[in-house]
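Novice: Sequence:
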Amino acid sequence: MDPDLDGDVPDPRALSDAPGLCRICGCAAAKKCAKCQVARYCSQSHQVIDWPSHKLECAKAAENGSIADEQKNPQNAFVFKEFGIEIDQEYMPATLFDGLSDDEGDDDEEEANAEDETEEEKQARIREFERFVKDNKGKNADMTKEDLDAATAEQPKDLDFDKFNRLVHLNPDQIVRYKRNGVPLRATGLSDLSEEVEPCELCGAPRRFEMQLMPHLLSLIDVDCIGQSIDWASVYIYTCSASCQIPEDGYAKEFIAKQDFV
Numbered sequence: 001m002d003p004d005l006d007g008d009v010p011d012p013r014a015l016s017d018a019p020g021l022c023r024i025c026g027c028a029a030a031k032k033c034a035k036c037q038v039a040r041y042c043s044q045s046h047q048v049i050d051w052p053s054h055k056l057e058c059a060k061a062a063e064n065g066s067i068a069d070e071q072k073n074p075q076n077a078f079v080f081k082e083f084g085i086e087i088d089q090e091y092m093p094a095t096l097f098d099g100l101s102d103d104e105g106d107d108d109e110e111e112a113n114a115e116d117e118t119e120e121e122k123q124a125r126i127r128e129f130e131r132f133v134k135d136n137k138g139k140n141a142d143m144t145k146e147d148l149d150a151a152t153a154e155q156p157k158d159l160d161f162d163k164f165n166r167l168v169h170l171n172p173d174q175i176v177r178y179k180r181n182g183v184p185l186r187a188t189g190l191s192d193l194s195e196e197v198e199p200c201e202l203c204g205a206p207r208r209f210e211m212q213l214m215p216h217l218l219s220l221i222d223v224d225c226i227g228q229s230i231d232w233a234s235v236y237i238y239t240c241s242a243s244c245q246i247p248e249d250g251y252a253k254e255f256i257a258k259q260d261f262v
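Residues 1 to 262 in the UniProt record's numbering are what the sequence shown spells out, letter by letter.
Quick caveat, the hints were computed from the structure, so don't treat them as lab data.
Owing to the predicted nature of the structure, the values given are computational and were not obtained by experimental measurement.
One or more hints might be untrue.
Said to hold, decoys possible - Simulated pairs of lysine-lysine, DSBU-like, Cα-Cα distance not exceeding 30 Å:
1. Lys60 x Lys32
2. Lys35 x Lys60
3. Lys60 x Lys163
With these hints in hand, go ahead and build the complete structure from the sequences.
Specialist: Following this line, the structure appears as structure tokens:
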């Protein structure tokens, strides 16, 4: 088939017998709605979650054997909202990392960067400070200003964080950094990042870094709450270097590592 003459070349992996997906979570779904035999679910609990929405279309689906396209992703409080992702090449000025060192005397540059930071970055620093105060409440009540200055001076400069912060400042809305077989961008040098990446469970090939999730994504999925919540500095995703075939075109477990700001 000549794509210039015959149009788009069909995807050989787009099989008509591809596994059904759960209407709630998108995972493999072995169960069907008993009435319409169209809607699929991975478990009974997800079918229960979907029923208030699905019952309105179930009878019609039973007659037609299909569900309207606009109703395939029903509204529910279980999954995150869906967004589109714009993909772009990252360009950085040659001087971006000038002055990046662990030498003293960088206070003026740090103050300038603080003035240029976005409102979201300021709020993130405020939340981090409030969390620190809460965790250490009453522990440092008797410390003098000199004690605090001495304790601060003993803290090593976090060069990884400085680099991370400069790159984030270029594209503050970035949610994913994709760099297959590249080097992950560490969010901080004060938190361990696992270097022992397990090999692929299917073929045994080593896993390589492919992408990482950025902290801006947290503000979009709206999970900032008191108590147990989702938080990260960055999440690093490693995948099979051989891109091996997944049985039945299903799902494969990959390896992730997470860094937190400390």
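Novice: For a C-alpha distance cap of 30 Å, please report whether Lys35 and Lys60 respect it.
Specialist: Satisfied, since the Cα-Cα distance of roughly 11 Å is no more than 30 Å.
Novice: Need the status of pair Lys60, Lys32: alpha-carbon distance at most 30 Å?
Specialist: 16 Å, holds
Novice: Would you mind confirming whether the straight-line C-alpha gap from Lys60 to Lys163 stays at or under 30 Å?
Specialist: 56 Å, violated
Comparing the model with each numbered hint stated earlier shows that hint 3 is the single one that does not hold.
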